[in-house]
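If you read the protein sequences in the order shown, they are chains X and A.
Mapping of the first sequence onto my numbering: residues 1 to 254, in sequence order.
Mapping of the second sequence onto my numbering: residues 1 to 305, in sequence order.
Treat the hints as calculated values from the structure; they're not laboratory data.
Computed from a predicted structure; not experimentally measured.
Among the hints, erroneous ones may be present.
Using C-beta positions, here's what the derived DEER-type ranges look like [stated by the list, open to error]:
# : chain 1 : residue 1 : chain 2 : residue 2 : range
1 : A       : R97       : X       : R129      : 46 to 54 angstroms
2 : A       : D129      : X       : E74       : 49 to 57 angstroms
3 : A       : M283      : X       : G199      : 48 to 56 angstroms
4 : A       : M272      : X       : G39       : 48 to 56 angstroms
5 : X       : A133      : A       : W151      : 25 to 33 angstroms
6 : A       : M283      : X       : S185      : 36 to 44 angstroms
7 : A       : Y102      : X       : R188      : 26 to 34 angstroms
Heads up, the beta-carbon is just placed ideally off N, CA and C, and yes, glycines get one too.
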Amino acid sequence: MSLLRAEGLSKEFGGVRAIDALDFEIQPGAVFSIIGPNGAGKTTLLNILTGIYRPSAGRLWLDDRLLAARAPHEFAAAGIGRTFQNLQIFFNMSALENVMAGRHLHERCTLAAALLRAPRLVRAERACRSRAAELLAFVGLDAYERSAADALPYGALKRLEIARALAAEPRLLLLDEPAAGLNPSEIREIDGLIQRISGLGITVVLVEHNMKLVMGVSQRVLVLDYGRKLAEGNTETVRNNPRVIEAYLGAGEH
Amino acid sequence: MLALIAGVALLPLALANNYHYEIAILVGLNAIVCVGLNLLIGYAGQISLGHAGFFGIGAYGSAILTARYGWPPLAALVAASAAAAALAFAVGRPILRLRGHYLAMATLGLGIIISIVVATEDRYTGGPDGMSVPPLALAGFTLAGERAWYWLVGALLVATVWLSLNLIESPVGRALRALHGSEVAAEVSGIDSARHKLLAFALSAAIAALAGALTAHYAGFITPGKVTFLHSIELVVMVVFGGMASTFGAVVGAAVLTALPQLLTVFKEYEMVVFGSVMMLTMIFMPRGLVPTIAALAARRRKAP
Ligand SMILES: Nc1ncnc2c1ncn2[C@@H]1O[C@H](COP(=O)(O)OP(=O)(O)O)[C@@H](O)[C@H]1O
Ligand SMILES: [Mg+2]
């Protein structure tokens, strides 16, 4: 049984086919990477998988059930979380509150309880706060617990987004270029973090240009080019595929 | 919070006469509207240029139900606020999908429609001449006198601020702030942004209507002047000047911009010029508003001994 299956997925932007009749399956527990040159349609694909774009054609199955979600928050409720290539941080909040906001799906809070500060809510808030603090520590940001989000350096913001996505307890976590713009030691930390997330049983979809990272953590790799599947397989087959080498990897490592 | 309670409790020491009390009551009523409006504008990041319309629904709704239909004032006040919330729910659904200028234009249009209805339905509203409104009464006891009204409005302001602070620190308030920070990130975190915007819109509308109804019963008379586009703008200026996403900022903004034109009579004639200038100067010199700017200055001074 696959966790997520896409069939005939397409997305057009005024004649441009960003995703073109794409089929793939993601097995539970795997780190599934998506690579391909800039403009290949990787971000567009993640946007479809999180309900931000509605596909022009095609269908999605989650646990072999047709995914009925429409709005992005319904995709989140179905267990799909993500981070963004261009950061989407709540800069008007603290680092801790960013992660607390990520727990939204797990909070039961009526308007009346919120307005009146019901005792049950006070207890739930305390639990939410400590869970968020644990997640900050999990991604290595415990030092920033009290900081405003806009006081964090770029590399920390990348991990803050991961902590926020984890707060929702997703089954499928989509990471859009988590290592972009990071230095080698930060990339090693992201590498370790992805392995620890995978170790928790969360299925990870990794979109990334850093081949060392991709080849190290992935069980399966999908190569996109002009919205179409150029190749798919384990790291070894993809690395040695002549079409992939020609279109993307080039002569040496990218 | 304690500072606000102390302020409301001690202010009467500085109020020399009924006129001062009257200004304080108007400040309190406007502050209640602004605390509600700030939930929408400051925290959820959604503009409304039509809140005088909801204020007007509260004022005229309660006035018409009591004066023309003989409802008890308390029931009329609650019904009028509920009606404003219901209208906000109904129109909020389509217009809160809009962003930025489009949302501003849509709420502006809503406010203008309400003010036109008030001005033209003169059989109910008295038209441009306005209508008189019975005093607030409960079980035969009539609320009269500046002092009694002061304590009622003061208590309601404290309650509104308390409720608002609670909301902001709750999961609902976090959702509002989150969708302000990044709507797409809020959505993928599972936050139904449309529902939360609607909630803030309807809640702020109900609060504005409540304050409108109280203003009508307090003044004993209501004219369409308080339902105009200009009054909507005044309310927004109070929120922006005091400080967006600052509940106490909304109170301070309402206090300064309500009291100043009353106390300095020169302002009265140039009221809109003053409001316009305040808006421009705020945007240029302290875009975050008065209270957050002062708070940031104080924090910096504390850090650098
Ligand atoms: N919202 C949009 N409107 C129009 N074209 C878009 C939009 N989003 C993506 N595209 C186009 O779709 C193609 C794929 O883009 P994208 O998914 O961002 O690629 P990648 O993430 O692989 O670099 C590009 O040609 C891009 O210009
Ligand atoms: Mg991309």
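Going down the list of hints, with the structure as the test:
1. R97(A) / R129(X): 46 to 54 angstroms: violated (33 angstroms)
2. D129(A) / E74(X): 49 to 57 angstroms: Given range 49 to 57 angstroms: holds, Cβ gap about 52 angstroms.
3. M283(A) / G199(X): 48 to 56 angstroms: holds (50 angstroms)
4. M272(A) / G39(X): 48 to 56 angstroms: holds (52 angstroms)
5. A133(X) / W151(A): 25 to 33 angstroms: violated (43 angstroms)
6. M283(A) / S185(X): 36 to 44 angstroms: holds (43 angstroms)
7. Y102(A) / R188(X): 26 to 34 angstroms: 46 angstroms Cβ-Cβ, so the 26 to 34 angstroms window is violated.
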